[in-house]
Amino acid sequence: MATASNIDDLLQCPICLEIFHDPKVLDCQHTFCANCLKVHLASPSSSILRTSNVIDSLHWAAKRNHRQVVEYLLENGANTDIQAHDKSTAAHVCNNDSLRQILESTTFDDSVSSTSISTTTLPIVPNYLRHPVFPYVSSQPITNLSSINTETITLLCRIADDPSETDFIEFDFNKIPNTGSFERLLSNICHELNIDHIDKLRRLPCIRVRNDCDVERLKDNHMLEVILIKKS
1 MATASNIDDL LQCPICLEIF HDPKVLDCQH TFCANCLKVH LASPSSSILR TSNVIDSLHW
61 AAKRNHRQVV EYLLENGANT DIQAHDKSTA AHVCNNDSLR QILESTTFDD SVSSTSISTT
121 TLPIVPNYLR HPVFPYVSSQ PITNLSSINT ETITLLCRIA DDPSETDFIE FDFNKIPNTG
181 SFERLLSNIC HELNIDHIDK LRRLPCIRVR NDCDVERLKD NHMLEVILIK KS
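Residue numbers (full-length UniProt numbering): 1 to 232.
Derived by calculation from the structure, the hints in this document are not laboratory data.
Some hints could be false.
Below, in silico cross-link-like pairs of lysine to aspartate or glutamate (EDC-like), each with a Cα-Cα straight-line distance of 16 angstroms or less [said to hold, decoys possible]:
1. K175 - E216
2. K38 - E75
3. K63 - D97
4. K200 - D162
5. K231 - D199
6. K38 - D22
7. K200 - D161
8. K230 - D162
9. K230 - D196
10. K219 - E170
11. K200 - D214
12. K230 - D161
13. K219 - E165
14. K175 - D214
If you anchor each label on the Cβ, the simulated ranges turn out as follows [what the hints assert, rightly or not]:
15. H21 - Q83: 32 to 40 angstroms
16. I176 - M223: 16 to 24 angstroms
17. H191 - T150: 14 to 22 angstroms
18. Q101 - N35: 28 to 36 angstroms
19. K24 - K87: 30 to 38 angstroms
20. I176 - K231: 35 to 43 angstroms
21. C206 - G180: 22 to 30 angstroms
The structure presented is a predicted model; accordingly, all values stated were derived computationally and were not measured.
Think of the CB as a built atom: it goes at the ideal place given N, C-alpha and C, for glycine as much as any other residue.
Work the whole structure out from these sequences, hints included.
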C-alpha cells in the first residue's frame, strides 16, 4: 500500500523538488515542471543527469533522440563541440542518423535562416497583392452618380390660339443647372416653334411659368403654351 511519502515522491519534480507545476512528460517517461525544463535546457552547460559521469544537456537530449530538445538547444546557442568526460561530442552519442546530421552540421542556424529566406523569396505573389482593391471602388450604382449632373424631362409645347397649328411639339429639356433654367427653356421653345420671342408661358391648364423655380416644378409630359401678344 502506497504511503503519503511515496505519493509525494511521485508528484515531486526532480529538479525543483516541489509538487509538479504544469508537468511535462518526455519520451523517456521522466516528468519535470515545464518551467524547470525550460530553464535547465536553455543553458548548454546545465547538468540534467545526476550520475557520476555528468554530461551536458545537449549530450543528454542527443543520446535519447529528443529531436525537439536538440533543436531548441541549438537555436539557443548550444555548442556542438562540447565534449563529455570520455571526449565524446553530442553527435558521437546520438544513434539517430537524421539527428546526428543536425548535430554534425556547424551551420544549423544558417541552414534554418537560409531555408526561411528561400521560402519568403519564392516567385509566388498572393492574388490580393497582385490585384489590390482600388480605394475609389464603390458599390453604389452608376446611375446614382449620373443623376447628379442631369435631370432631363420631356415637355410638350405649342403656340396658344393658333388655328393653323394645334398640335404639340415634343422636346427634351435638362433642368440642371437650375440657375438660368427659365431663360434656357424659353430659348429651346423659340427654337422648336421657330419664333423669335415669347410674351408669356403657361403650363396647362392655366399656370404661369415665370422663373427658375417654376421650371424646377415641371415634370415629364407637361404641356406648355406660348402666348404671343398681338400688337395693334
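So, going through the hints one by one against the coordinates:
For the hint linking K175 to E216, the alpha-carbon distance of about 7 angstroms falls within 16 angstroms, and the restraint holds. Of the supplied pair hints, the one linking K38 and E75 holds, its CA atoms being roughly 13 angstroms apart against a limit of 16 angstroms. Simply put, K63 and D97 have alpha-carbon atoms about 12 angstroms apart, close enough for the 16 angstroms limit, and the pair holds. Using a Cα cut-off of 16 angstroms, the hinted pair K200 and D162 holds, with the two alpha carbons roughly 15 angstroms apart.
About 11 angstroms separates the Cα atoms of K231 and D199, which keeps this hinted pair within 16 angstroms; it holds. Taking the CA atoms of K38 and D22, the gap is near 12 angstroms; set against the 16 angstroms cutoff, the hint holds. Simply put, K200 and D161 have alpha-carbon atoms about 13 angstroms apart, close enough for the 16 angstroms limit, and the pair holds. At roughly 12 angstroms between alpha-carbon atoms, K230 and D162 fall within 16 angstroms of each other, so this suggested pair holds.
Distance hint between K230 and D196 is fulfilled; the C-alpha atoms sit about 14 angstroms from each other, no more than 16 angstroms. With a C-alpha separation of about 13 angstroms, the suggested pairing of K219 with E170 holds against the 16 angstroms cut-off. Our distance criterion of 16 angstroms between C-alpha atoms is met by K200 and D214, whose separation comes to about 13 angstroms. Using a Cα cut-off of 16 angstroms, the hinted pair K230 and D161 holds, with the two alpha carbons roughly 11 angstroms apart.
Under the criterion of a C-alpha separation no larger than 16 angstroms, the hint pairing K219 with E165 is inconsistent with the structure, at around 24 angstroms. Pair hint K175 plus D214 holds up; C-alpha atoms about 11 angstroms apart against a cutoff of 16 angstroms. A hinted range of 32 to 40 angstroms for the beta carbons of H21 and Q83 is consistent with their spacing of about 34 angstroms. Hint check: I176 to M223, Cβ distance near 22 angstroms, so the stated range 16 to 24 angstroms holds.
About 20 angstroms separates the C-beta atoms of H191 and T150, a value consistent with the hinted range of 14 to 22 angstroms. Hint check: Q101 to N35, Cβ distance near 31 angstroms, so the stated range 28 to 36 angstroms holds. Evaluation of the 30 to 38 angstroms hint for K24 and K87 yields a pass: the beta carbon distance comes to about 32 angstroms. The beta-carbon spacing between I176 and K231, approximately 36 angstroms, falls within the hinted interval of 35 to 43 angstroms.
Roughly 26 angstroms separates the CB atoms of C206 and G180, a value that falls within the hinted 22 to 30 angstroms.
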